[in-house]
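K.L.:
Kindly generate the complete structure, drawing on both the sequences and the hints.
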Amino acid sequence: MALALENQPAGRPPAPVDEEKEALRERVRELEKKLDDAEKTIEVKELLGTCEEFRGSKKNRSIGKSDKDRGDC
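Residue 6 is where the sequence shown starts when you use the numbering used here, and the numbers rise one by one after that.
It should be emphasised that the hints constitute simulated quantities derived from the structure, not laboratory data. Please note: incorrect hints may appear among the correct ones.
Claimed, not checked - Derived DSBU-like pairs (lysine-lysine); straight-line CA-CA distance at most 35 Å:
no., residue 1, residue 2
1, K38, K50
2, K26, K38
3, K39, K26
4, K26, K45
5, K39, K50
Claimed, not checked - Listed next, with one range per pair, are the computed distances between beta-carbon atoms:
no., residue 1, residue 2, range
6, K45, R17, 40 to 48 Å
7, I47, D23, 31 to 39 Å
8, R17, G54, 53 to 61 Å
Every value quoted in this text rests on a predicted model; they were computed, and no experiment measured them. Note that CB positions come from ideal geometry on N, CA and C, so glycine has one too.
P.N.:
See the structure below:
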């Protein structure tokens, strides 16, 4: 009973950390980052493909012009 009268830290005691849940949260963060990187890679590849198609079709029409005159993607 004497312990109950002593000064103790205010608030709730810290909740125990569930190691399994924390490991799963970290894994989800890693997978979300990989997914984001993969989506960006696909987007860049699509843009580069479009750029190459554009440059290829433009080369046919601009024979004899320098690279500066043709412009870049």
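K.L.:
Could you run down the list of hints and mark each one as holding or not?
P.N.:
How the hints compare with the structure:
Among the hinted pairs, K38 with K50 is consistent with the structure: their alpha-carbon atoms are about 18 Å apart, no more than 35 Å. With a C-alpha separation of about 18 Å, the suggested pair K26 and K38 falls inside the 35 Å cut-off, and the hint holds. The suggested pairing of K39 with K26 holds, with an alpha-carbon distance near 20 Å, which does not exceed 35 Å. Between K26 and K45, the direct Cα distance comes to roughly 29 Å. Compliance with the 35 Å bound is thereby established for this hinted pair.
Between K39 and K50 the alpha-carbon distance is near 16 Å, which keeps this suggested pair within the 35 Å criterion. One distance hint, 40 to 48 Å for the beta-carbon pair K45 and R17, holds here, with the actual separation near 42 Å. At about 35 Å, the beta-carbon gap between I47 and D23 stays in the expected band of 31 to 39 Å. At about 56 Å, the CB distance of R17 to G54 agrees with the hint of 53 to 61 Å.
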